[in-house]
Amino acid sequence: MSIKKIHTEQPNDFIFSNENLKIAEKILQKYPKKNKKSALMPFLYLAQKQNQNWIPLAAMKYIAKYLSIPYISVYEVATFYSMYNLAPVGKYFIQVCTTSPCLLRGADKILKICKEKISQNENQLSEKSQCSWTEVECLGACVNAPMMQINNDYYEDLNEANAVKIIESLIQDKPLKPGSYRGRKNTSPEKNNQFSQGEKNA
Amino acid sequence: MPKIIINGKEIEFQKGMTVLQACELADVEIPRFCYHEKLSIAGNCRMCLVEMEKSAKPIASCAMPATEGMNIKTNTELVEKARKGVMEFLLANHPLDCPVCDQGGECDLQDQSLYYGVDKSRFSENKRDVKDKYMGPLIKTQMTRCIHCTRCVRFATEIAGVPEIGAIGRGENMEITTYLENSMQSELSANVIDLCPVGALTSKPYAFEARPWELKKTESVDVMDAVGSNIRVDTYGWEVKRVLPRINENINEEWISDKTRYSCDGLLKQRLDVPYIKKGDNLIKSNWDEALNLISAKIKNIDSNEIAGHIGDMSSIETIYSFKKLFEYLNSPNLEIREKDFFINTSDKMNYLFNSSITGIEKSDLILLVGCNPRHEATMVNARIRKAFVKSKLPIFSIGNPGDLTYDYKIVGENTEDLKKILEGKSEISNIIKKAKKPIVIIGESALELKSGGYIFEEIKNFLAINGFINENWNALNILIQNASTVGGLDLKILKSNFQNDSLFFEKLKNNKFKLLYLLGSDNINFKKENEFIIYQGSHGDRGAEIADVILPSPAYTEQNGLFSNLEGRVQECRKASYPTGEAKEDWKIFNLISEKIFAKKLFHDFQSIRNEAIKEIPNYSQINSLPNFNKKDNKKITFNFIPEKIVINKIDYYYSNSISRSSKTMSECRLKNKIFLKDGTNN
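Chains as they are written, first to last, in our numbering: chain A, 1 to 202; chain B, 1001 to 1684.
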């Protein structure tokens, strides 16, 4: 199963919730009236947020009609960008970075844990659709490698032990706090940024 | 004019041209895949790379605007290396299946890799494999062969106006597909087959039928509608294998409609090969002698006023002329070419032509459709209207609701009252029309068919004449004729110009006043047979043959020479590409045989003399393939009574409009697909 392929079971209808309709109208105001199709990408993201983190076909059609653009254009955009999910993902959607710096710091071990704890295959839902995982390219947190993104949060500076803990917490629906797991603040050095103190241009 | 240096030669070019176009002016060939002069520029195949002085890298000539003083080189080592490199990348994922590919022999990729490519491959990895997509009954796909030039995507969006093809995914996973693999809902869909530079989109009905070099190619014109699209008929022995468009910027540019292209398989089916005679309830195979004896006996015994002839939708000018001559000999006045009783004022040629001309549509700044659906009645005219719309966003109004026309238009009324208001200046639309510089009014047969058809035509003509839109430079009055034979027939005065008697034929037909009805390839007239003796002369066993008492087989349009006048009055030649089936005889020869039986005299000696005589009869004829000459315009107004009624646009069964397309398997499939689409929509 791939999240870039259209899912076999599709809901019949999709409409923006009242809240999201207000947001949508606000988004539309950012663009000139004749270019309202520019709002396509934020709309798709909005639809994805509303629909358990994936975009059904009905939503694409709804957006196409909303912005008066052809279905195929929405379909093209939705299939192009990797962050739009076209099939259901878990409540906790785990994206493990496996690009070089993370891989050197042991991302493959985290992958192995995901396979054991969540599901054998990428994008396969765990029990009760609690979790699913996928491999992604660089998420831009190389300083804190290895790392994974769970929904909107970064879990960084991982090792096997705390990766297992985090995933188990997700399965029990009591997620641990995001951030560095070696006590770092953002990307600062480990021992309370002593290093850069006193050096002007550090 | 600015100048550019190409391979050391200085040439002048027009402002706004690209480097590639400038190179074409200099007779320098640039290989290309994605660039097509009728489509927007994509610049994604990179095959057209050339070297530009002061540029470190080669440039894509199709996307680079030419500027004053550019120095372009196309024959250097850098260019050659660049082309080889691009070709190697294109071929990296292209299967080497030319021997089983239908594009083989007319494939751009094959040709260009021979001239600009490398002779061997360094790519030892696995090639990517793409699942084939469903694109409808006409387009066969083999998507592994696709090189992502996106010509088909651009064609569907820009020319056809049905944005249903797109590229999904990205990078190596990019795939061309229709939305959810539905069939493309366009009458122009099969043109993507011609556009595809590789074998990714090929013709489904023509799959594995023949190789291009085995076919005999005949340049001809199409008779499926009155537009007269220029076509090339490819034959293998007797069989017409396929029909391709021929470039004619004045008519069809380089596109043709699906019906033009694919009804040709109907030429192989349901053919009438020998004369038939009805005995009891069955049509029995017979021979020419017997059939002609029967016909001459009948004609001799029936009063000439009770003999009637109807000319079908695909008869050439020569055929109509000789048929008319035969009826003159028979002394019968009952000759008709219209399929329905619509108003036509034949006193002046201008009154039944598309006077603005098809290219004129692009110059226009306002279009008013009156009771017509150009998309189904004249597909190529509709494509031209769309082109004009895309180019200049001109306002388009319609009286009557024609449905989706692939461009935006505004319905300004559905009744004759609404039209009356416009013509009397009581509507804001009339001011808009008056302010326009080159308006076009297109009147459809559906409008002329109404009781107030005469009023509609004469009042519109009068309105346009008063406002100065009918003059030497511009003629805004346009009639959208539907059948290929109609304009030719009207030119030959099949219809007398006293329109009081115009409906006489149809009245008599309806009341079964005729004793003998001669149908010349006519399958679309609507009447109930009673005791008439019906002679059907035509190529296909269709509606006309079904009710006939005697059937005389004659050739189809690809099997005999003939002139056709298109809706603009442009006379074009349809050429013989194949041979008539069985014992079928050319139309004029059949008339000769009948005349010999009855009057013991031949009507004509040879075909050329018919053509010469017929051309003399055509009013305002200038020369072949040209628009008619107009010297003096007859603006005499005839007054008709106004009748308030609704303008309903007759629905055309597009894929089933004539005997050839009704015999075609491909057209039946298209029709079925269309029906399913109309029922379900794209809502899946």
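Don't read these hints as lab results, they were simulated from the structure. Just to be clear, a hint being listed does not mean it is correct.
[What the hints assert, rightly or not] Derived DEER-like restraints, expressed as beta-carbon distance ranges: (1) A:T8 - B:A1056: 34 to 40 Å; (2) B:V1648 - A:T8: 51 to 57 Å; (3) B:G1468 - A:S38: 42 to 48 Å; (4) B:G1085 - A:T8: 39 to 45 Å; (5) B:E1080 - A:N162: 44 to 50 Å; (6) B:S1040 - A:N12: 46 to 52 Å; (7) A:T8 - B:I1041: 36 to 42 Å; (8) B:A1092 - A:T8: 57 to 63 Å; (9) A:D173 - B:C1098: 56 to 62 Å; (10) A:D173 - B:I1411: 32 to 38 Å; (11) A:S17 - B:K1054: 34 to 40 Å.
In this text, all values refer to a predicted model and were calculated from it rather than measured experimentally. Idealized CB from N, CA, C, for every residue including glycine.
Cross-check of the supplied hints:
1. A:T8 - B:A1056: 34 to 40 Å: Once the Cβ atoms are compared, 51 Å apart, the range 34 to 40 Å for A1056 (chain B) and T8 (chain A) is violated.
2. B:V1648 - A:T8: 51 to 57 Å: violated, 44 Å
3. B:G1468 - A:S38: 42 to 48 Å: Holds, at about 44 Å.
4. B:G1085 - A:T8: 39 to 45 Å: Holds, at about 42 Å.
5. B:E1080 - A:N162: 44 to 50 Å: Given range 44 to 50 Å: violated, Cβ gap about 58 Å.
6. B:S1040 - A:N12: 46 to 52 Å: Since the Cβ atoms of S1040 (chain B) and N12 (chain A) sit about 37 Å apart, the hinted range of 46 to 52 Å is violated.
7. A:T8 - B:I1041: 36 to 42 Å: At 39 Å between Cβs, range holds.
8. B:A1092 - A:T8: 57 to 63 Å: violated, 32 Å
9. A:D173 - B:C1098: 56 to 62 Å: For D173 (chain A) and C1098 (chain B) the Cβ distance comes to about 58 Å; the hint holds.
10. A:D173 - B:I1411: 32 to 38 Å: Since the Cβ atoms of D173 (chain A) and I1411 (chain B) sit about 57 Å apart, the hinted range of 32 to 38 Å is violated.
11. A:S17 - B:K1054: 34 to 40 Å: About 57 Å separates the Cβ atoms of S17 (chain A) and K1054 (chain B), which means 34 to 40 Å is violated.
Consistency note: the structure conflicts with the earlier hints numbered 1, 2, 5, 6, 8, 10, 11.
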